[in-house]
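K.L.:
One letter stands for each residue in the lines below.
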Amino acid sequence: MIGTYRRWTISIEDTEEVFFCREDQALLSGMVAMGKRGIPSGCHGGGCGVCKIRIAAGDYEVGCMSREHVSREEEASGIVLACRAFPRSDLRVEVVGKLAKNIRNPSASVKKYGFV
Amino acid sequence: MSVLRIGHINIRVLDMDAAVGHYTNVLGMEKVHEDENGNVYLKGWDEWDKYSVILSQADKAGMDHIAYKVSSDAALDEFKTKIADYGLAVEEEAAGVLPFVGRTLRFSLPSGHVMRLYAEKELVGTAVGNINPDPWPDGLKGAGVHWLDHALLMCELNPEAGINTVAESTQFMIDVLGFYLVEQVVVGPEGNIQAATWLSCTNTPHDIAFVGGPVSGLHHAAFFLDSWDDVLKAADVMAKNRVKIDVTPQRHGITRGYTIYFFDPSGNRNETFAGLGYLAQPDRPVITWTEDQLGRGIFYHTGELVESFTSVYT
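Taken in sequence, the protein lines are chains A and B.
Heads up, the first sequence is in the numbering used here, so the first residue is 1 and it goes up one at a time.
Heads up, the second sequence is in the numbering used here, so the first residue is 117 and it goes up one at a time.
Below, a list of computed lysine-lysine pairs in the DSS-like style, where the Cα atoms sit at most 30 Å apart: (1) A:K111 x B:K176; (2) B:K185 x B:K166; (3) A:K36 x B:K176; (4) B:K198 x B:K185; (5) A:K36 x B:K349.
Just so you know, the hints here were simulated from the structure itself, not pulled from any lab data.
Chain A on its own, in the form it takes in the complex (with noise of 0.2 Å):
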């Protein structure tokens, strides 16, 4: 079945890519589908905090979201999990995940132990 959805266009800030994402599908399936990599791709489920986004301008839905990622006030100020985020309008996003330190300080995230 081929869908009839508009397609908004999303750019994150920190690696300044741009993709494409349809009102009914979650910026961060958007980003994978498209390849792009610069928001972290983990559950999509709403339940492990690594996508989390600041949704620095424009119209957007979001789903149920884990409160231990995600509280309340800050998802009243634009802080969302980029899995559970749904487009409409073009977007601008800058990532506020954990796993943001990785990109913008790879040194950062080296394992010294293995797996912390």
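Chain A is fixed; fit chain B onto it per the hints.
P.N.:
Here is chain B on its own, set in the frame of chain A:
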């Protein structure tokens, strides 16, 4: 007096309908009960006790508790004394606190995970019964998993702060609950920090496992399949259902198991795990994986550690 096997895992989900759909249609478990608080209970077709998964609606994903079945009601009293003597607070709960389950012991592992022990759960039988049974039942959905096989729990590990709850929880399982160490990963400049362990109370390579991470949590709950064909079919089922697969079918060096890692709709990681690996026994020499071969231990074919294995969990 012994621990018999893994009994059940209670998983927190953000959207109950989506979760029930996943565990029934993708994994192929059967919903057997819903209690007055909306918790949903599920059973694998090849299990004989009432349920092995409890789903609970919550605003955070992760594991509420994990439970193991013990050999007798009298064993519960002996374990209660041993747990208390070890220095952990342990409560006894009356029969029925967990539906269809007799009295239970409730305590927290050194890593913070809540564990329960019980001796009685309602017996309902496997889907093929125990009189002249067929090898598998008709009407299985999705991957048709046999049973809940094990769980891997993330345990706070911070060597520079002197914190190693992997080692502490491991020692508790051995000294108090009678599990034995089957495989381990050692790290650090002297190769003497136990960063991951796989323990058994049966004869399979693991009934529980612990891996170090920045905070404690649930890495995955694993469900058993027989063969590579079943694993590959399960991968198709996941794709048909647009399930987020974490790692496509691969073999683990550790346990020799065939695996797919994937996520439920709330982001809790599941595994479909196949292959009995080898006969685990208390006198079998412990297998040790070194830090430099860690990738090979987890992902035998590629030998590369995937970032999500260590960073993504609930």
